[in-house]
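**Q** Spelled out from the first residue to the last, the chains are:
Number of protein chains: 2
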Amino acid sequence: MKIKNAEILCVGTELLLGEVINTNVAYLGRALARLGISVYHTSVVGDNSDRLSIAIKGALEHADLLILTGGLGPTYDDLTKETVASALGLPMVRDEKILSEIEGYFTSIGLPMPENNAKQADIPEGAIALPNKLGTAPGIFIEHNGHVVVLLPGPPAELHPMFDESVFPRLREMSDKILVSHNIHIMGMGESAIEEVLFDLMKNSQNPTLAPYAKESEVRLRVSALARSEEEGEKMCSEMIEKVKNSPVGKHIYALDAERIEKLVVAKLKEKGLTLAVAESCTGGYIGKLLTDIPGASAAFAGGFITYSNEAKINLLGVSPETLQKHSAVSPETAMEMARGARERLGTDLAASVTGEAGPNPDPQTGKPVGTVFLGISSAQETYSVQVKIPPQRNRDYIRNVATNRALREILIFLNEI
Amino acid sequence: MKIKNAEILCVGTELLLGEVINTNVAYLGRALARLGISVYHTSVVGDNSDRLSIAIKGALEHADLLILTGGLGPTYDDLTKETVASALGLPMVRDEKILSEIEGYFTSIGLPMPENNAKQADIPEGAIALPNKLGTAPGIFIEHNGHVVVLLPGPPAELHPMFDESVFPRLREMSDKILVSHNIHIMGMGESAIEEVLFDLMKNSQNPTLAPYAKESEVRLRVSALARSEEEGEKMCSEMIEKVKNSPVGKHIYALDAERIEKLVVAKLKEKGLTLAVAESCTGGYIGKLLTDIPGASAAFAGGFITYSNEAKINLLGVSPETLQKHSAVSPETAMEMARGARERLGTDLAASVTGEAGPNPDPQTGKPVGTVFLGISSAQETYSVQVKIPPQRNRDYIRNVATNRALREILIFLNEI
Chain G
4 MKIKNAEILC
14 VGTELLLGEV
24 INTNVAYLGR
34 ALARLGISVY
44 HTSVVGDNSD
54 RLSIAIKGAL
64 EHADLLILTG
74 GLGPTYDDLT
84 KETVASALGL
94 PMVRDEKILS
104 EIEGYFTSIG
114 LPMPENNAKQ
124 ADIPEGAIAL
134 PNKLGTAPGI
144 FIEHNGHVVV
154 LLPGPPAELH
164 PMFDESVFPR
174 LREMSDKILV
184 SHNIHIMGMG
194 ESAIEEVLFD
204 LMKNSQNPTL
214 APYAKESEVR
224 LRVSALARSE
234 EEGEKMCSEM
244 IEKVKNSPVG
254 KHIYALDAER
264 IEKLVVAKLK
274 EKGLTLAVAE
284 SCTGGYIGKL
294 LTDIPGASAA
304 FAGGFITYSN
314 EAKINLLGVS
324 PETLQKHSAV
334 SPETAMEMAR
344 GARERLGTDL
354 AASVTGEAGP
364 NPDPQTGKPV
374 GTVFLGISSA
384 QETYSVQVKI
394 PPQRNRDYIR
404 NVATNRALRE
414 ILIFLNEI
Chain A
4 MKIKNAEILC
14 VGTELLLGEV
24 INTNVAYLGR
34 ALARLGISVY
44 HTSVVGDNSD
54 RLSIAIKGAL
64 EHADLLILTG
74 GLGPTYDDLT
84 KETVASALGL
94 PMVRDEKILS
104 EIEGYFTSIG
114 LPMPENNAKQ
124 ADIPEGAIAL
134 PNKLGTAPGI
144 FIEHNGHVVV
154 LLPGPPAELH
164 PMFDESVFPR
174 LREMSDKILV
184 SHNIHIMGMG
194 ESAIEEVLFD
204 LMKNSQNPTL
214 APYAKESEVR
224 LRVSALARSE
234 EEGEKMCSEM
244 IEKVKNSPVG
254 KHIYALDAER
264 IEKLVVAKLK
274 EKGLTLAVAE
284 SCTGGYIGKL
294 LTDIPGASAA
304 FAGGFITYSN
314 EAKINLLGVS
324 PETLQKHSAV
334 SPETAMEMAR
344 GARERLGTDL
354 AASVTGEAGP
364 NPDPQTGKPV
374 GTVFLGISSA
384 QETYSVQVKI
394 PPQRNRDYIR
404 NVATNRALRE
414 ILIFLNEI
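Sequence lines, in order, name chains G and A.
If you count the first sequence from 1, position 50 lands on 53 in the numbering used here, and the numbers rise without skipping.
If you count the second sequence from 1, position 304 lands on 307 in the numbering used here, and the numbers rise without skipping.
One thing to keep in mind: the hints can contain errors.
No distinction is drawn between identical chains; accordingly, a pair holds when it is met within one copy or between any pair of copies.
Straight line, CA to CA, 30 Å or less: simulated BS3-like cross-link-like pairs of lysine-lysine [claimed, not checked]:
| id | residue 1 | residue 2 |
| --- | --- | --- |
| 1 | 254 | 7 |
| 2 | 7 | 60 |
| 3 | 392 | 180 |
| 4 | 100 | 266 |
| 5 | 60 | 371 |
| 6 | 5 | 218 |
| 7 | 206 | 329 |
| 8 | 60 | 238 |
| 9 | 122 | 206 |
| 10 | 273 | 371 |
| 11 | 371 | 238 |
| 12 | 122 | 254 |
| 13 | 271 | 5 |
| 14 | 60 | 266 |
| 15 | 392 | 266 |
| 16 | 5 | 254 |
| 17 | 60 | 206 |
| 18 | 371 | 206 |
| 19 | 275 | 60 |
| 20 | 275 | 7 |
| 21 | 122 | 329 |
| 22 | 275 | 238 |
| 23 | 266 | 254 |
| 24 | 206 | 246 |
The hints are simulated quantities; they were obtained by calculation from the structure and are not laboratory data.
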């Protein structure tokens with residue numbers, strides 16, 4: 004059968020109570036979009052068999068493919084499998100192979116298998132069980148009466164590999180379309196102004212589509228083409244991208260399909276054979292954390308200093324007490340001395356620093372309003388500072404996020420210019 | 004009117020395509036749970052007026068309160084407000100006060116107001132406009148024909164303050180119930196084993212309820228009581244907590260309502276008047292980032308070192324080259340020298356270190372499998388190391404998260420024992 008559209012149904016009272024942020028629906032949404040399978044509706048229901056049953060039947064009226072997440076665990080409130088089987092009119096059968104795998108899992112962690120885990124080996128008749136590398140609940144893939152119904156475990160660490168390895172390849176066979184997408188990144192022009200210029204393309208072009216998304220300090224235009232092949236989709240997208248480039252928006256484009264900025268920084272450092280150190284005050288280690296998210300960062304990122312207190316700035320980085328006294332810790336002078344100190348102490352080619360007021364309350368010692376941030380960049384040739392102004396009504400998390408992001412961007416700008 | 008149940012409807016094609024993770028539904032779910040307002044169903048629809056209209060009408064058949072998020076922006080695909088007005092049979096009227104606020108917003112950022120922003124000043128007749136401190140889209144609060152319909156902007160930074168300040172207080176007046184919840188934290192006993200012991204309470208107690216959630220390295224039991232007052236709810240919860248304490252699960256309880264561990268660490272350090280430094284290798288600054296998430300952390304957290312390379316471990320922390328040579332960077336010996344070095348260099352009472360293999364590929368220099376992590380703790384009295392073993396099939400993010408979490412927990416254990 005061919006799949007044209009899908010619905011995602013997440014099961015779990017913890018999702019309704021807001022105890023868990025639902026990331027599965029975004030993960031699955033991205034994958035289905037890549038396959039050109041349209042998702043018009045997703046929903047969440049609690050661990051309640053009656054309401055789940057109504058939601059399953061409702062979804063199957065509209066969708067070729069129904070993906071359910073959650074409710075596959077061993078406890079009495081895990082009832083997705085039984086409810087799906089009953090809604091489809093399928094009996095449950097025990098799968099001895101799965102049972103022995105579950106027993107093996109418990110043996111491997113040195114525990115006896117609790118009796119109620121055995122029910123995880125029951126699957127609807129005719130279904131395919133999908134292996135779970137990281138837990139005991141197998142997934143389920145059912146093709147029945149012109150529908151495909153897929154059941155996946157709720158924990159993302161279990162869902163991601165199971166979906167990628169056992170579900171995506173099967174769905175790929177069942178879809179004859181592919182969505183090709185590209186992002187145009189724009190700085191220095193707001194969403195409304197862009198729309199005034201590109202209104203006709205945004206409003207009237209159905210395939211490919213052109214849609215704006217406002218982000219912190221940039222606007223993204225997403226170009227998406229639904230095609231029969233990658234080649235056809237790429238061609239449709241390039242034509243649209245050319246139209247945007249040739250419009251008055253064109254000169255504000257700064258990147259096409261930008262990756263995570265920390266990945267760009269590590270790649271550019273490696274490309275140029277340079278090493279980096281950081282000195283972080285208000286960001287407290289966040290820049291280092293993001294850079295080391297990237298496997299292999301060690302080739303370019305030597306390390307750094309978290310200098311939250313004035314004493315740490317003096318003792319670890321050699322910031323002069325006079326500078327702190329005269330200009331305060333939140334100043335271009337301190338930012339520059341921090342960057343220079345980090346670079347010299349770690350013997351790197353380049354160093355970046357951040358110092359600022361993240362709030363919630365301004366520090367009387369600095370006299371600077373919340374949201375004031377100074378970045379420092381230091382190389383053997385030059386050391387300079389850049390100010391970032393963030394509205395003071397923004398909260399601490401936001402200010403620290405923007406400061407971190409801007410520091411990574413300044414490093415990238417520096418690397419692109421040398 | 005009194006509100007008993009609610010539905011949340013999030014609008015945005017970007018949510019269906021998985022470009023944005025939907026955190027609004029969890030934020031609103033938590034708030035409604037506190038008010039004892041039941042949410043049985045939430046859903047997401049794209050920027051399509053017909054499907055949105057069907058979803059609105061469907062939701063109003065079941066729910067007293069409908070909260071919509073997203074689609075309040077200035078562009079043509081922002082159509083939530085118009086679709087709601089039409090579904091409720093209300094005409095749109097221009098609010099001159101909002102119009103002048105939007106004009107004022109653009110004046111304050113030094114830009115002319117684009118013409119299409121004016122439509123943000125249109126609201127359904129009889130509705131209350133809710134001020135937006137951080138953007139141009141006002142929220143909308145409508146009481147109409149026995150229903151309450153609330154429209155909130157999609158960006159969480161705009162939604163949170165608007166909901167907290169303008170919506171929560173109004174809903175509180177309209178609900179006569181309150182949900183009181185507590186978490187029982189359990190280590191050393193699995194979810195299935197706990198259920199075997201507490202099956203009767205979990206299955207048969209309707210109010211208060213008792214429900215298990217498995218987390219990394221712990222199980223949480225959530226006790227929730229729906230009551231007419233806080234006092235009544237607290238009493239119902241304590242009775243249930245006593246029953247769990249007196250069961251065989253009791254001896255595995257390690258905390259009640261544990262807060263974020265970094266918050267506990269900062270509070271305990273302040274309480275004892277002690278200072279902390281960190282030395283991070285595979286976590287790359289993540290521990291420092293989490294500690295400095297807490298406002299006022301500077302009183303207890305002096306700072307630290309990100310020593311990703313062997314050179315940084317030697318030069319910044321004084322780890323001996325012989326130790327690295329003999330035991331490798333991923334060893335108890337290196338972890339202890341890192342912690343001691345950080346403590347001495349920052350002059351703190353206490354220091355913690357992390358060194359480990361986060362993957363994806365093992366480092367041939369250390370010869371240790373992915374997932375091997377050593378923590379170091381150093382005070383003037385003692386320096387020791389703790390090993391953390393994480394299954395190697397876990398990914399880099401997971402390993403770094405667990406390493407960070409366990410380091411914070413070791414600091415807390417140390418502080419609790421001295």
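**Q** Please go over all the hints and tell whether each is borne out by the structure.
**A** Taking the hints in turn, this is what the structure says about them:
no.	hint	in the structure
1	254 <-> 7	neither (38 Å within a copy, 53 Å between copies)
2	7 <-> 60	both (18 Å within a copy, 26 Å between copies)
3	392 <-> 180	neither (46 Å within a copy, 44 Å between copies)
4	100 <-> 266	neither (42 Å within a copy, 46 Å between copies)
5	60 <-> 371	neither (59 Å within a copy, 51 Å between copies)
6	5 <-> 218	neither (36 Å within a copy, 38 Å between copies)
7	206 <-> 329	neither (56 Å within a copy, 66 Å between copies)
8	60 <-> 238	neither (40 Å within a copy, 41 Å between copies)
9	122 <-> 206	between (52 Å within a copy, 17 Å between copies)
10	273 <-> 371	between (37 Å within a copy, 25 Å between copies)
11	371 <-> 238	neither (52 Å within a copy, 48 Å between copies)
12	122 <-> 254	between (61 Å within a copy, 28 Å between copies)
13	271 <-> 5	neither (43 Å within a copy, 59 Å between copies)
14	60 <-> 266	neither (44 Å within a copy, 45 Å between copies)
15	392 <-> 266	both (25 Å within a copy, 28 Å between copies)
16	5 <-> 254	neither (43 Å within a copy, 55 Å between copies)
17	60 <-> 206	between (35 Å within a copy, 26 Å between copies)
18	371 <-> 206	neither (45 Å within a copy, 56 Å between copies)
19	275 <-> 60	neither (57 Å within a copy, 59 Å between copies)
20	275 <-> 7	neither (46 Å within a copy, 62 Å between copies)
21	122 <-> 329	neither (70 Å within a copy, 50 Å between copies)
22	275 <-> 238	neither (33 Å within a copy, 65 Å between copies)
23	266 <-> 254	within (25 Å within a copy, 46 Å between copies)
24	206 <-> 246	within (14 Å within a copy, 61 Å between copies)
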